[in-house]
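So the sequence lines, in the order shown, correspond to chains A and B. Each residue of the first sequence is one higher than the one before, starting from 158 at the first, in the numbering used here. Each residue of the second sequence is one higher than the one before, starting from 747 at the first, in the numbering used here.
Derived by calculation from the structure, the hints in this document are not laboratory data. Given the structure is predicted, the values throughout are model-derived calculations rather than measurements. Keep in mind that the hints are not guaranteed to be accurate.
[As the list claims (entries may be wrong)] Facing chain B, a subset of chain A residues (Cβ under 8 Å, in silico):
id : residue
1  : 178
2  : 180
3  : 193
4  : 213
5  : 234
6  : 250
7  : 295
8  : 362
We put the CB at the ideal spot given by N, CA and C, even for glycine.
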Amino acid sequence: MRLDPPLAPTSQHTIGPFFPRTYFGPTDNDLRRRTAEAEPSARGEPIVIRGRVTREGGEVCVNALLEAWQADAAGRFAHPTDPDAALADPDFLGWGRAATDADGNYRFITLMPGGYAEGNARRAPHVNLLVMASGLMRPVLTTLYFPDFAGENAADRVFTLVPEARRRLVLAVPEGEGMGEEAGMRVFRFDIRLRGAPEEETPFFIE
Amino acid sequence: MLIRSVSRSIAPWPEGIEPQVPTEGYAGTFTHTPAQALLRRPPSRTELTAPLTLADKLACGDDSLAVLAPGRIAMGQYIHISGHILDEDGRPVPDAVVELWQANASGRYYHPNDTRDAPLDPNFIGNGRIRSDANGRFGFFTIRPGAYPVPSKNNWWRPPHVHFSVLGPATLSRLVTQMYFPGDPMNQYDHILNSVPDPAARERLIARQLPPHEVGLGWLGFTHDIVLRGRAATPELP
Numbered sequence: 158m159r160l161d162p163p164l165a166p167t168s169q170h171t172i173g174p175f176f177p178r179t180y181f182g183p184t185d186n187d188l189r190r191r192t193a194e195a196e197p198s199a200r201g202e203p204i205v206i207r208g209r210v211t212r213e214g215g216e217v218c219v220n221a222l223l224e225a226w227q228a229d230a231a232g233r234f235a236h237p238t239d240p241d242a243a244l245a246d247p248d249f250l251g252w253g254r255a256a257t258d259a260d261g262n263y264r265f266i267t268l269m270p271g272g273y274a275e276g277n278a279r280r281a282p283h284v285n286l287l288v289m290a291s292g293l294m295r296p297v298l299t300t301l302y303f304p305d306f307a308g309e310n311a312a313d314r315v316f317t318l319v320p321e322a323r324r325r326l327v328l329a330v331p332e333g334e335g336m337g338e339e340a341g342m343r344v345f346r347f348d349i350r351l352r353g354a355p356e357e358e359t360p361f362f363i364e
Numbered sequence: 747m748l749i750r751s752v753s754r755s756i757a758p759w760p761e762g763i764e765p766q767v768p769t770e771g772y773a774g775t776f777t778h779t780p781a782q783a784l785l786r787r788p789p790s791r792t793e794l795t796a797p798l799t800l801a802d803k804l805a806c807g808d809d810s811l812a813v814l815a816p817g818r819i820a821m822g823q824y825i826h827i828s829g830h831i832l833d834e835d836g837r838p839v840p841d842a843v844v845e846l847w848q849a850n851a852s853g854r855y856y857h858p859n860d861t862r863d864a865p866l867d868p869n870f871i872g873n874g875r876i877r878s879d880a881n882g883r884f885g886f887f888t889i890r891p892g893a894y895p896v897p898s899k900n901n902w903w904r905p906p907h908v909h910f911s912v913l914g915p916a917t918l919s920r921l922v923t924q925m926y927f928p929g930d931p932m933n934q935y936d937h938i939l940n941s942v943p944d945p946a947a948r949e950r951l952i953a954r955q956l957p958p959h960e961v962g963l964g965w966l967g968f969t970h971d972i973v974l975r976g977r978a979a980t981p982e983l984p
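Only chain B is shown next, with the shape it has when bound in the complex (with noise of 0.2 Å):
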């Protein structure tokens, strides 16, 4: 039998978190996104529910993005990004499936549809998966994703950014985001940054980098959080 801490009850998303859609600058928001209104419905067993042993269908445990096999190390500036995944209680998330994704050092996904003029590099792929740790806890070791130009009307360039999967215990905990690097001169002009409407929400989505004295001299270091919705149903004794 499963027994595991789960989130039993999933409020609305809080103002200013969600992005804004159709989104400013955005074009393919304006062709995407439903126009007719969203139909609300109060969460039950199927969206409360996910499968417990994802892990086991999707293969974990490509934590290394930067050397594709042994010998075969890719192009860039060696980082590790590694944080918790939790819930809106701030209770760790064990045995999430994570998914990290990115472009290489160029900015060119290993992805038969980006077809820009930009290097691949032979020895970068640029995904991995792994499963949290009982703590929540993920880690990768990548390298620093290059900015990238948006095929568009106003010479829009995406900021270094790394793109994140998240499968928890819930339909509803679902979550795809991304990540932007601290101090990025590029971060205030991005058209899906800046659609998330609450400046605090934006701030979240940015790496911490670490200090570089307490992570050594291998990788730089960045560490960053996420929170899944749910929450536990009702207040635990102490």
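The shape of chain A in the complex, shown without the other chains (with noise of 0.2 Å):
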């Protein structure tokens, strides 16, 4: 059923500043576990996120709510919009949940997400990133690029949308190894600069 003229969607709000801790489970965070409890998917290359949450003059985003959702390491989705649903890992979520701490950083674990084909294009392994925070009247959505994958980000229709120039602030930055919990994961740095002058400022989209 087609509603004519159809409902108008319910107005975005802030997020505020009081979104509460109370809401958040440890493994939050964690793109590859199904449930709280499910162990994380092994089908991938678990790999970490991290970053810090920034407003116009660098000043740090306390309390802002990130939540990231990604295609499993084949690039599929177990969502009936992607036609080989069927075949994604049942194993993993790709859907996580962070708040920023006092020093306005965050951090996800994941695994490297695939690229696939969309229509008659390829789309670049890539993390979607929704930004909600008190100031925000409306959540921004940003997307992270890889490094490692130059030649297809170069062919990317989302990537490509991005002035040249400003291209880096959607590649994650290789840091290293991680310690503890991260040993033998790859880190990636992802800052998020929710307002500034266009050589600094996120790249954000709209649809």
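Put the two chains together into one complex; each comes in its own frame, and the hints tell you how they fit.
What follows is the structure, encoded as structure tokens:
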């Protein structure tokens, strides 16, 4: 059934400064786990994505909420919109949530996403990041790419939508290997500047 | 295999519904709102998808904010807020994760960053999370939140409101919003509510109170539907 005219979507508002800490579970920022108790999927390369969220002037944003969403290591989504959904990694969720700490830092653990074909084009491996914060009336959406896939990035229709001079702002920066819980995992830094000059503000998208 | 009706097309936001940013009177929006133009891209697979099993990851089922535990009852006016999560075609959105959080009756949040000198209620945390049922329905038992001042030069108070966070079947249907109470004289002064240009869209952020004789003696009832972005891709046969 299609309504004519359609209902209007409910207006967005800021998440405010007080999104409850009590909502977070210890594995919410681990995209590899389907449930809080589940073992992480091992079908792919485990990686760490971490960074800092700042606003105008480079001041840090505390208690900002970040949500990450990506394809599995083979580039599939467990969702009927993906023609290959039936082949998606059954142990991989692909979604995670993190809040920034007092220094504006966040962290996710995930698997390196795969690229995939969509229509007659290829999408490079990427992670979607949604950021919500006090002072942001609407969430902002950006897409993180990896320097490992320069050729695929150059052919990706979203990466190439970003003006050339700002493309480095959607590229995660390798920071070597993690320690402790992150031992053996490559670490990528992805800082997010909500507002700034063109050469510092993270490119954000709208659909 | 996942068998579920999901929205397969998402249109740009209609005029007048999205808040105007930066927002007059709300200083933080002038330092947080992106200064560069947002890059418009057509929705593709990665934005039209989201985890459909999220309710298995985020513990759902806590719909009682008013009663923390047996015998631990919050201070305030007991209310019940219910409604439907719908898409733009009015179809119910089942299995959406619906989060509601709010201040206590004194207008203070149970949050380390809320350091205002107003009492905390030892029996009120103020957050719940449920999953919408097969008809897209949700409901929470809670208390009417208090108003609170916003530290700023312009003597701004937030009217009583509850926050909703809804995680539906697509990244682009993700919604964070607030719900207001009907008839509150402070609604007209709120910089956040007033950031929505279309008066009809503002009106839709205000709950409707149910006639008390229909609800009974336990609670005051409010109803509030939430519409997520997204439509069926093609007309379906009748």
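Each hint tested on the structure:
1. 178: Holds, about 7 Å.
2. 180: holds (6 Å)
3. 193: holds (6 Å)
4. 213: At 4 Å from the nearest chain B Cβ, residue 213 of chain A passes the 8 Å test, so the hint holds.
5. 234: Holds - the Cβ of residue 234 of chain A comes within 8 Å of chain B, reaching about 4 Å at its closest.
6. 250: holds (6 Å)
7. 295: holds (6 Å)
8. 362: At about 5 Å, which falls below the 8 Å cut-off, the nearest Cβ of chain B leaves the hint on residue 362 of chain A intact, so it holds.
Checked against the numbered hints above, the structure violates none of them.
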